[in-house]
Amino acid sequence: MNIDRYPEIPPKDKFIKKAYVAIMLWIVGRAMQAASRVDPVVKEEFSHLRDNFLLRLWVAPNGPSMFVGKDKNGKVKYMGWNPRGKKTTLDMQIKGIEQAVLMFTFQESTAVATSNDRLIVSGDLDDACAIVRILDIVEIFLLPKIITKLAVKRYPKWSQMSPLRKYVGRVLVYIRAFTV
Amino acid sequence: MEHIYVELASMDARKPLVLASRQVTERGLTKKFIKSLYDSNVVIGSLYDEVYPYHYACISQLNDLVELFKARGCDSIIAIGGGSVVDLAKGVNIAVSNSGNIMDYAGTNTIQKRLKPFIYVSTGHCGGTETSNEAYIENRRFVSDFLFPDVIILDNRMITARTRQRAAEASMVALTAAIESCAVPYNNPMNDLYANVAINFIYENLLGVVKKPGSKTGNLALANAYAMAGISFSNIPPGIVYSLGIAIARDTGLPRGQCMGFLLPLSLEHRVMKNESIRGELLYALLGTEGYCRVPEKDRTSTSITILRQFVNDLGGLLPKSLKEMRVNKYKFEEYARQASEMSMKRVTQKDCMQLLDIAWEGIA
Numbered sequence: 001m002n003i004d005r006y007p008e009i010p011p012k013d014k015f016i017k018k019a020y021v022a023i024m025l026w027i028v029g030r031a032m033q034a035a036s037r038v039d040p041v042v043k044e045e046f047s048h049l050r051d052n053f054l055l056r057l058w059v060a061p062n063g064p065s066m067f068v069g070k071d072k073n074g075k076v077k078y079m080g081w082n083p084r085g086k087k088t089t090l091d092m093q094i095k096g097i098e099q100a101v102l103m104f105t106f107q108e109s110t111a112v113a114t115s116n117d118r119l120i121v122s123g124d125l126d127d128a129c130a131i132v133r134i135l136d137i138v139e140i141f142l143l144p145k146i147i148t149k150l151a152v153k154r155y156p157k158w159s160q161m162s163p164l165r166k167y168v169g170r171v172l173v174y175i176r177a178f179t180v
Numbered sequence: 001m002e003h004i005y006v007e008l009a010s011m012d013a014r015k016p017l018v019l020a021s022r023q024v025t026e027r028g029l030t031k032k033f034i035k036s037l038y039d040s041n042v043v044i045g046s047l048y049d050e051v052y053p054y055h056y057a058c059i060s061q062l063n064d065l066v067e068l069f070k071a072r073g074c075d076s077i078i079a080i081g082g083g084s085v086v087d088l089a090k091g092v093n094i095a096v097s098n099s100g101n102i103m104d105y106a107g108t109n110t111i112q113k114r115l116k117p118f119i120y121v122s123t124g125h126c127g128g129t130e131t132s133n134e135a136y137i138e139n140r141r142f143v144s145d146f147l148f149p150d151v152i153i154l155d156n157r158m159i160t161a162r163t164r165q166r167a168a169e170a171s172m173v174a175l176t177a178a179i180e181s182c183a184v185p186y187n188n189p190m191n192d193l194y195a196n197v198a199i200n201f202i203y204e205n206l207l208g209v210v211k212k213p214g215s216k217t218g219n220l221a222l223a224n225a226y227a228m229a230g231i232s233f234s235n236i237p238p239g240i241v242y243s244l245g246i247a248i249a250r251d252t253g254l255p256r257g258q259c260m261g262f263l264l265p266l267s268l269e270h271r272v273m274k275n276e277s278i279r280g281e282l283l284y285a286l287l288g289t290e291g292y293c294r295v296p297e298k299d300r301t302s303t304s305i306t307i308l309r310q311f312v313n314d315l316g317g318l319l320p321k322s323l324k325e326m327r328v329n330k331y332k333f334e335e336y337a338r339q340a341s342e343m344s345m346k347r348v349t350q351k352d353c354m355q356l357l358d359i360a361w362e363g364i365a
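Chains as they are written, first to last, in the numbering used here: chain A, 1 to 180; chain B, 1 to 365.
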């Protein structure tokens, strides 16, 4: 048998998809920081998390990542993508780049992705649930209703989130996310 | 399929040997498979796509693959497809995980230690042994719980349309396996659950797939049924139809599904003739709760046989009607009966096999 006829096949990279997910993670990270200052519900959710809280949301095995956590003053901050020197308290791992693309192109909501076994969480379950709720609110701020409906479990009614809070919050989150 | 690398990592493997048939490659499935491993840590040690799909696994090819496995430093095996591809993958796994000649491990429970990680990717084909604990190599039967695939992948992208004939044959093998696996008195509820779902999926989807072979939902449901039938079948010795089907197919080279398909309703009728009971759960699996409750208890056996007979008839000319039509030699019946009785570990007697073969000679009227 000529073994050379059957060579090794190393995996190729998916640069475009990786870049797309990296941008989305950056936007979401920045938006979480902004929302924690603008929206009372997000602020409340973060206040229940421990002082040294640090979330790592990343794509396995070597995809993009983002860090969001509390700084020394207790303020929520987007802390970039580099894991060096950071001690995470909550690690949310998306199993692969394809799964991440499904989530970040809003073909699958976070809840559906979890039920399809696309996420691995290391850390407190309470914290993870809080982060999923925060992510839902951030998506409501960032995206129009027609897209957000696909991404969140339940789109809030007027009684749950007033249009004033939603639209003012949206403007402020966008301004803070891309400027401050 | 994108989960494969996670599963491999959990078993401490990252360099699989991938086996497939030429047809699988021609249908573009290996390309899809390779793409699914992009951006992961898994390096495909080698992709061997020259396995004869509907042939038996032969020892020369197996030896070549063992050599390839070792030369490339692989640590796991992935089989894409069904039938001999999976048999060969299991054979390679036995050979690379154990020392000595592979034929020393033929028989039941001769393998004593855990094998390398093995993943089976279904393409909708069913030879009966893919998800089970057995393999046929050079027509020798290998049975061990270590032969179960560690992971079974059912992915819509990989399950493609087959010809009507192939769909019917594959389904008949799985249906036989499922029905016979719940037809023993010492069964357990878990096994029944697998078998009942398999029977139900085949009954509800096969005719649809035969009419419209491209049906994605139908083909996926059938692939699920094949996987579950294989698992449930591993827990009991083969029954009369399965053993006879294998014996005839082995000798004549005919597809197993053809041999089992028309023997199945005949065997149930044969059992009724002998006043042996048939479990009412068969009707439950075929018709579901409502249909099952609508039929009085005393009529459940006859109704299930009628339904099965009708089901096989509805497949039209896809299955043969008699052994005579299949040009099976009558003088070999005794040999088939002996082999079947041996394979079933005496669950069926040679006398019963001979009676069934005699009925099957003239076949379905």
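It is worth saying that the hints were derived from the structure and are not from the lab. Predicted model only: the values in this text are computed from it and were never measured. Careful, some of the hints might be misleading.
Here are the simulated lysine to aspartate or glutamate pairs, EDC-like style, with alpha carbons at most 20 angstroms apart [what the hints assert, rightly or not]:
| no. | chain 1 | residue 1 | chain 2 | residue 2 |
| --- | --- | --- | --- | --- |
| 1 | B | Lys15 | A | Asp124 |
| 2 | B | Lys31 | A | Asp13 |
| 3 | A | Lys14 | B | Glu2 |
| 4 | B | Lys35 | A | Asp126 |
| 5 | B | Lys15 | A | Asp4 |
| 6 | B | Lys332 | B | Asp358 |
| 7 | A | Lys17 | B | Asp358 |
| 8 | B | Lys32 | A | Glu8 |
Status of each hint after checking the structure:
For the given pair, Lys15 of chain B sits about 33 angstroms from Asp124 of chain A by alpha-carbon distance, which is inconsistent with the 20 angstroms threshold. Proximity of Lys31 of chain B to Asp13 of chain A is assessed by CA-CA distance (about 15 angstroms); at most 20 angstroms being required, the pair is judged to hold. Only pairs whose Cα atoms come within 20 angstroms are accepted, and Lys14 of chain A paired with Glu2 of chain B is accepted, the gap being roughly 13 angstroms. In summary, the hint linking Lys35 of chain B to Asp126 of chain A is not supported, as the alpha carbons are separated by about 36 angstroms, beyond the 20 angstroms threshold.
Distance restraint check for Lys15 of chain B and Asp4 of chain A: the Cα-Cα separation of roughly 17 angstroms lies within the 20 angstroms cut-off, and the hinted pair is therefore satisfied. Pair hint Lys332 of chain B plus Asp358 of chain B holds up; C-alpha atoms about 12 angstroms apart against a cutoff of 20 angstroms. Proximity of Lys17 of chain A to Asp358 of chain B is assessed by CA-CA distance (about 63 angstroms); at most 20 angstroms being required, the pair is judged violated. Between the alpha carbons of Lys32 of chain B and Glu8 of chain A the distance comes to roughly 17 angstroms, so the proposed pair stays at or under 20 angstroms and holds.
When the structure is compared with the earlier hints, violations turn up for hints 1, 4 and 7 and for no others.
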